[in-house]
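Just so you know, the protein sequences line up as chains A and B, in that order.
Each number in the numbering used here corresponds to the 1-based position in the first sequence with 99 added.
Each number in the numbering used here corresponds to the 1-based position in the second sequence with 99 added.
It is possible that part of the hints are untrue.
Quick look at which bits of chain B chain A covers, simulated, 3 or more residues with Cβ under 8 angstroms [unchecked claim]:
(1) 199-208
(2) 235-245
(3) 259-268
Each pair of labels, with its calculated beta carbon distance range [what the hints assert, rightly or not]:
(4) A116(B) / R172(A): 50 to 56 angstroms
(5) P158(A) / P301(B): 44 to 50 angstroms
(6) R138(B) / L117(A): 48 to 54 angstroms
Keep in mind the hints are simulated off the structure, nothing from the lab.
Note that beta-carbon positions come from the ideal geometry of N, C-alpha and C, so glycine has one too.
There are 2 protein chains.
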Amino acid sequence: MRAGGPGALLALALGLALALAAWRRRRRPLREVLFFPSRPSCTEALLAEAAEPGGEPRPCPCPLPRGDSPFSRLLRRLLSARRSVDICLFAFSSPQLGRAVQLLHRRGVRVRIVTDAQYMGLRGSQIGLLRRTGIQVRHDQEGGYMHHKFAIVDGRTLITGSLNWTTHAIQNNRENVLVLEDAEYVKPFLEEFERIWEEYNPSNYTFFSKDDK
Amino acid sequence: MRAGGPGALLALALGLALALAAWRRRRRPLREVLFFPSRPSCTEALLAEAAEPGGEPRPCPCPLPRGDSPFSRLLRRLLSARRSVDICLFAFSSPQLGRAVQLLHRRGVRVRIVTDAQYMGLRGSQIGLLRRTGIQVRHDQEGGYMHHKFAIVDGRTLITGSLNWTTHAIQNNRENVLVLEDAEYVKPFLEEFERIWEEYNPSNYTFFSKDDK
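Next comes chain A alone, as it looks inside the complex (with noise of 0.2 angstroms):
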């Protein structure tokens, strides 16, 4: 033991440094917060690229101005996904953030969609146009509002806060958005919308009669 004694600190400190360095090194979770209005701003960009990644970047010819914002970060967010994106809103109507759900969906990112009855089929609404490529859509039968404004990527980013997806909100109000990794948030919401996924399940609506034949 006695021989052994500086050489065993030598490997010990050694071990700590490596031990700290691959500590120091560990992927941070994403904690970001997004305040809006956000000026209105070109994303056709970011949605060309999106749609056809690597491809020929086609100028857009509008006069809005391009670059970082807080609605351009929100579209980036949520045209990272992978493999699923699930989405619990009261309004949804943007229509820039719709073509980008579409877009996910086409590219085979499997979407479902949760939102408001009451809300879902007011003019503008875009859950009729999404229903319509395909995307699953379910909604609530209650006498209180679906109010959640989230959405959760790849099961592992959450992005939750004030904004409804309207380009009302996200051009005039005072809104918040935070886009959050740490599984101490992810986890419950992640079964909340498994949980009102399947209390919306078409077959649970009571307004279908039991006794219709």
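Place chain B on chain A using the hints.
For chain B alone, kept in the frame of chain A given last:
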């Protein structure tokens, strides 16, 4: 050096064990998720205890259930304030949360409220009542909504989500509230509050013409 080998190793191991114990004991930031609706429950005991800490408990004769619920947790977080509460809410009409805020104000906690101009005048809003007790309230004068739904307790605990502080939302809607203490989230919300608070300073109102004598 050689003679000190085992002793140094022991000291190092002991130091490491102490550091590890301290690291595990450190206060973890609060990370809580609350989902609504929350069943109606009696919060008299909570409010009475906050009004008169250590006072004689007076049993409430109401038939509502007591005990833990998402709403009682939200109320507890709010009542835990010792120094300050900054509230930034689109809609605030819950009488129970209104009483809690009045109580904090009476207890000497600095309360500031930012709200939406269109909603604050509606019947049932708590804003007028709170203002009359001397609590500082500021509101937007914009076209868009002040649609945030957050509060910051003691500059350290952020309460945010989809929930407006209305009894209808609390008891009927699908809603979420996050309670967070990670600085990455709390700091931007503190800055957003200060930014809005300054911007909504009545001296900046443009509906008082600058030419008025």
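Non-conforming hints, listed in increasing numerical order
1, 4
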